[in-house]
Amino acid sequence: MNKKTDGLIPPGLVYVADNITSKQNLLGAPKETGARWAKSLNLPQEAETIFFAGCGYQYNASLQSLMSMIRKLDKSPIGAELPMGLAGFTKKLGIDPAQIYRRLAAKDSDSDAQPLRDAVGVLKELGVEFGYLAEDEPCCGGILHYTGLEKEFARNARNLYKTLKARGVKRIIGIVPSCTYTLAELIPKHVPGYDLEVKHFLQVVLEGVESRQLRFPREVRVVYHDPCQLSRYLGLIEEPRRILKSIKGIELVEPDWTHGEWSTCCGGGGGFEVVFPELSQILAVNRVKELVETGAKVIVTHCPGCVMQLEDGLKAMKVKDVEVLDLAQVLAMAMGG
Amino acid sequence: MSVFDEYKKEIMDAAHNDRIRLALSRSINRYRPNISEALKKFPQTVKLAEEVREIKEKAIGNMEKLVEQACQAIEANHGQTYIARTAEDALNIIGGLVGSGKLVVKAKSMTSEEIGLREHLEEGGNEVYETDLGEFIVQKLGSRPMHILAPAVHVPKEDVAKLFSEITGQELPADVEVLVATARKLLREKFFKADIGISGSNVVAAETGSLFLIENEGNIRLATGAPPVHIALVGMEKLVPTLTEAWKVAEVTWRFANYTIPQYVSVVSGPSCTGDIERVITYGVHGPKEFHVIFLDGGRVELAQHPSLSQVLYCLRCGGCLYECPVFGVTAGHFGDKYFAGIGAVWAAMITGDKEKAAALAYTCLTCGRCKVRCPMKINVPEMVVELRRLLAEGA
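So the protein sequences, as listed, match chains H and G. In terms of our numbering, the first sequence opens at residue 18 and continues consecutively. In terms of our numbering, the second sequence opens at residue 16 and continues consecutively.
Calculated from the structure, these hints are not laboratory results. Treat the hints with care, since some could be wrong.
Residues from chain G shown here face chain H by an in silico Cβ test under 10 Å; the list is partial [unchecked claim]: (1) D20; (2) H31; (3) L407.
Where a beta carbon is used, it is the ideal one built from N, C-alpha and C, also for glycine.
Okay, chain H solo, but in the shape it has when bound (with noise of 0.2 Å):
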């Protein structure tokens, strides 16, 4: 990157952008961090099919924890910018201060990835037969395109589609609205004759979870928030709802205007959180007041970005008796599991 483009990029994107180029995952954590929440599934790394988990899912602990430190150094007299712009500079020179904080402060990790275990567990259970490919799963780079860095975007693509096909993946189910879109189209983009077949998650399970007796284990108010990438970008909105209304025990409501392809978003949206992470939080609190007033005690969403938004509008709301849980949690915990 040349000194032009350190100027107009926000030094927070920067940052991430330098993590998913050097390190394949927007936190620059370790791989191995990573994939640690597979450990006991015994998931197959060789399969034509693989379940893509992503960096959202796979990092939410660490994720939090950084961007509640952003956060507040965005609101002190210091603000974030220059810091991200201290934290990447000082990276270079082999030490990541946001690497240390994170450790310092990640909570415990059983808790981070639930909602791919509990994919997973879907998948196994209605029969799906795939693999994850680990430490070895490649980062998406969706937000290299959407900082503008077009060209390490490309190269990215490029590089995770001869990985890909090095190890002879032919689908990929997708979980995370971003990764999956990134996958599905702006990927094909760059790599001539892409042939590989990308689905959503809920794409998968619909058909297999409607046929099922569903009962969630209390009655409960739930309501849907729409993450933009998955209905604004993949036109996933009437799948969620279908299968939200097919399990027993949950009353599906919705906000007035908000909702569909008209829902607001939480607030991070491509690399948003970042860049102003006060104001993302504003805008998480005004989604969640949105939500909240339909009287729903559960809101379910299916991103980890806007679980994290929400959980923290939640928090700075104060609202202790209303929950978030992602779509997935919602189902495993429907199905039994």
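Dock chain G against chain H, hints included.
Here is chain G on its own, set in the frame of chain H:
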């Protein structure tokens, strides 16, 4: 402080400003039911919008020719026409026409905002009145418009009452009716004393040289009808070939602009004239004797060549997208330059602003895409914003 730091401070101040948020949430809560009611009442609008997108696509690819045609038509109608290649050209042309020491009444025009026309005329020693109520409020506040159609969208009625009380020296209540009556009183005589009226236009039919002006307040009719001179500043992207097409563009514009049915649509093609005495055509009867139209390029012709960013030129300026932008919902036009939100970032980069400001705006877009769902032209703002980031990052 860098441009980005300064900008970030500005939008964070706005985001913490309860007055802005109060005013915006009131407006958004009115806009959504209104537009949905309007589309129910006139369901053909959706199809019409698709047709208008096609009309605009063709027209934008043919701007230079349409301008030529429009100029010929207007000259044939006894108007004067000018093509301004840059904002500076436009200011010089209009500044020359206005001169100094004049009283000028202005209809609301984002294009005049784009080139800083009011400030330029004021610096030239003229007294300039914004006559659109929202714009008048913003002018008196010494602020700038915070929405393309509702410039004072960020000002709650209580603040307007305070402002008008200061101007009139009377204690006025936060009663909308009283405030509107006050504005009428304050501006009434200006329309008739004014030397010059200035307007923009929502859409122009090239074949007849007809300018369409959509409004509810009636200030545009007065500002373009009462003074002896009417000057119109029009962005070249406003041109379409025929009157029939212009009507279609106008209808889609007003419907999405929350008018449902506009109280007034003026169609102006030339100066006022009569042939009632011995069939001798004489100009300047009750309306203006002089009619000047300035077509502004200002980067539009070049922008029209861009494969993705040229979409901004399809924009009808209905402002619907702004009500759907979550960031705009807490910051108003502080998330903007001359134009606002994601699409405003593209305008800032290509037309009005410097790269640093454009970059700051581009990275403020969530790329969430709800604006695109609202947009009657289905302009893909997230795609444009990401493309803009690429251009900026690559130093192009």
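Hints, one by one, checked against the model:
1. D20: Check passed: Cβ of D20 (chain G) comes within 7 Å of chain H, closer than 10 Å.
2. H31: 8 Å, holds
3. L407: Hint holds; L407 (chain G) Cβ to chain H Cβ min 5 Å, cut 10 Å.
Violated hints for the displayed structure: none, as all numbered hints are satisfied.
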